[in-house]
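Undergrad: Letter by letter, the chains look like this.
Number of protein chains: 2
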Amino acid sequence: MCELLGMSANVPTDINFSFTGLIQRGGRTGPHKDGWGVAFYEGRGLRLFQDSKPSAESEVARLVTRYPIKSEIVIGHIRQANVGDVSLVNTHPFVRELWGQNWCFAHNGQLAGFAPPRGHYRPVGETDSERAFCDLLNRIRTAYPEPVAADLLLPILIEACAEYRTRGVFNCLLSDGDWLFSFCSTKLVEITRRSPFGPARLKDTDLTVDFQAETTPDDVVTVLATEPLTHDETWESHVAGGWSLWRLGECVARGQLGH
Amino acid sequence: MCELLGMSANVPTDINFSFTGLIQRGGRTGPHKDGWGVAFYEGRGLRLFQDSKPSAESEVARLVTRYPIKSEIVIGHIRQANVGDVSLVNTHPFVRELWGQNWCFAHNGQLAGFAPPRGHYRPVGETDSERAFCDLLNRIRTAYPEPVAADLLLPILIEACAEYRTRGVFNCLLSDGDWLFSFCSTKLVEITRRSPFGPARLKDTDLTVDFQAETTPDDVVTVLATEPLTHDETWESHVAGGWSLWRLGECVARGQLGH
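Chains B and W, in that order, give the protein sequences.
Take the first sequence: its letter number 103 is residue 103 in UniProt numbering, and every next letter is one higher.
Take the second sequence: its letter number 155 is residue 155 in UniProt numbering, and every next letter is one higher.
In short, the hints are calculated from the structure, not lab data.
Be a bit skeptical, because a hint or two may be false.
Said to hold, decoys possible - Listed next, the in silico PhoX-like pairs over lysine-lysine satisfying Cα-Cα at most 25 Å (straight line):
id: 1; chain 1: B; residue 1: K70; chain 2: W; residue 2: K33
id: 2; chain 1: B; residue 1: K187; chain 2: B; residue 2: K33
id: 3; chain 1: W; residue 1: K187; chain 2: W; residue 2: K203
id: 4; chain 1: W; residue 1: K203; chain 2: W; residue 2: K53
id: 5; chain 1: B; residue 1: K187; chain 2: B; residue 2: K203
id: 6; chain 1: W; residue 1: K53; chain 2: B; residue 2: K70
id: 7; chain 1: W; residue 1: K70; chain 2: W; residue 2: K203
id: 8; chain 1: W; residue 1: K33; chain 2: B; residue 2: K33
id: 9; chain 1: W; residue 1: K203; chain 2: W; residue 2: K33
id: 10; chain 1: B; residue 1: K203; chain 2: B; residue 2: K53
id: 11; chain 1: W; residue 1: K33; chain 2: W; residue 2: K187
id: 12; chain 1: B; residue 1: K53; chain 2: W; residue 2: K70
Claimed, not checked - Away from chain W, derived, C-beta distances all over 12 Å, residues of chain B:
id: 13; residue: E126
id: 14; residue: D204
id: 15; residue: A240
For clarity, every value in this text was computed on a predicted model and none was experimentally measured.
Think of the CB as a built atom: it goes at the ideal place given N, C-alpha and C, for glycine as much as any other residue.
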């Protein structure tokens with residue numbers, strides 16, 4: 001299995017604190033030693049750092065923790081390989097261009113015998129995750145060759161996630177640079193930090209941050225993760241079959257399969 | 001204008017030496033201060049480092065020079081903005097997936113009033129360069145929805161380059177991870193290093209490398225660049241309208257428009 005990290009914020013925010021916690025699980029406090037990746041949206045641009053080395057030992061990961069990239073949407077992933085070799089090509093997050101936007105996707109789980117129809121978007125690597133991402137984009141492009149708003153996409157995303165879920169574990173994060181979508185098949189937690197901000201202590205390494213000192217009263221920052229990353233904060237668990245859509249740190253839609 | 005850097009090698013080779021020279025031109029020995037990027041193929045995977053900061057001052061660029069990433073194909077670019085803001089989204093090289101392969105492109109020059117038809121691939125940023133890349137891929141995908149060999153692609157690439165060239169300056173590098181294609185409209189030089197290897201000294205910074213010590217007798221490494229990067233080596237200039245195709249360090253095809 002793998003671990004996911006997502007962020008949606010209403011101001012460009014650095015994810016260093018959460019990322020520093022996450023990467024400890026890549027070979028140190030966690031078994032996810034088969035690579036890691038993190039994608040930062042910068043306007044319409046996407047900055048992607050990846051490595052097939054364990055994140056706890058990765059030079060690139062160390063750079064990212066030192067380098068305060070500020071972003072409104074971040075998707076990160078640490079990998080414990082199940083399908084596909086340990087190689088760059090099988091490392092999340094995956095990126096494709098649709099409608100002149102960078103779409104980014106990361107998946108935690110495993111889909112058994114998943115062979116979606118060939119379409120416009122094709123996997124470069126061997127993972128079931130990248131196949132699912134390409135299938136998602138193919139469904140969207142087929143339904144909407146031209147850009148549409150998120151509310152029109154949601155039914156397609158939710159239906160696809162419902163299908164994928166029948167084939168195994170499918171927790172995912174998806175973004176087009178404007179919104180961040182999540183689906184929980186087994187495990188996903190969230191926290192929204194807003195004024196008054198307090199301190200927080202990472203679970204995976206000895207690091208505490210005082211968000212009060214790092215933020216302004218108007219900041220709203222939501223973090224999604226497979227497991228809570230901090231002590232002394234309350235992370236809410238998503239239900240199985242639960243999906244959510246975030247923009248600028250706020251949840252703009254959420255629901256649950258069959259509800 | 002901008003500067004290009006390309007490498008094709010028959011063994012995974014690090015480009016640190018050439019890259020170290022190139023990035024000096026990004027704000028120090030050259031005016032190309034509007035961002036830089038370098039893409040390394042690792043098998044079918046592509047590792048992309050980019051920054052909209054001047055390369056001579058970029059932390060990410062320093063990491064890349066320290067980090068001996070070995071690759072058989074590399075495409076690098078330093079930018080002096082003409083069309084499009086200085087931002088990540090306008091930073092070369094550009095990447096798209098076609099036929100389940102990562103395609104990578106960088107351009108030196110400027111195309112006037114270039115508005116190709118909308119197709120499957122659409123630019124995310126504002127540069128004429130990304131528009132040209134998308135147009136190239138749209139032409140290829142339209143002609144060949146399924147993968148074909150490079151010799152079938154060449155007529156499409158050459159015809160497109162001939163058209164682009166009529167609109168301005170169009171020096172470019174393109175790769176699908178298997179081969180490296182170049183087109184020269186005004187300025188491109190090449191050097192192929194093979195046994196017996198000698199020493200070389202960078203023009204842009206005080207750095208000398210003894211390739212003898214870094215290579216085996218069977219290594220063949222070709223570097224393409226806008227301007228020669230070293231002293232005491234002979235770089236061959238490409239003619240205006242000249243194109244070339246490289247695989248594993250060797251030129252497998254070359255020609256000139258109208259010849």
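Undergrad: A separate judgement is required for each hint: does it hold in the structure or not?
TA: How the hints compare with the structure:
Restraint check for B:K70 and W:K33: satisfied, since their Cα atoms lie roughly 21 Å apart, inside the 25 Å limit. Among the hinted pairs, B:K187 with B:K33 is consistent with the structure: their alpha-carbon atoms are about 20 Å apart, no more than 25 Å. Between W:K187 and W:K203 the CA atoms are separated by roughly 18 Å; this keeps the pair inside 25 Å, and the hint holds. With a C-alpha separation of about 22 Å, the suggested pairing of W:K203 with W:K53 holds against the 25 Å cut-off.
For the hint pairing B:K187 with B:K203, the CA-to-CA distance comes to about 18 Å; that is within 25 Å, so the pair holds. At most 25 Å may separate the alpha-carbon atoms for a hinted pair to count; W:K53 and B:K70 meet this at roughly 14 Å. Our distance criterion of 25 Å between C-alpha atoms is met by W:K70 and W:K203, whose separation comes to about 23 Å. Restraint check for W:K33 and B:K33: the C-alpha separation of about 37 Å exceeds 25 Å, so the hint is violated.
For the hint linking W:K203 to W:K33, the alpha-carbon distance of about 18 Å falls within 25 Å, and the restraint holds. With a CA separation close to 22 Å, the supplied pair B:K203 and B:K53 stays within the 25 Å bound. Pair hint W:K33 plus W:K187 holds up; C-alpha atoms about 20 Å apart against a cutoff of 25 Å. Between B:K53 and W:K70 the CA atoms are separated by roughly 14 Å; this keeps the pair inside 25 Å, and the hint holds.
With a least CB separation of 10 Å from chain W, B:E126 falls inside the 12 Å interface cut-off, contrary to its annotation. The beta carbon of B:D204 is kept farther than 12 Å from every beta carbon of chain W, the shortest such distance being approximately 24 Å. The claim that B:A240 lies off the interface holds: its Cβ sits roughly 32 Å from the closest Cβ of chain W, which is beyond the 12 Å cut-off.
Of the numbered hints stated above, those contradicted by the structure are hints 8, 13, listed in ascending order.
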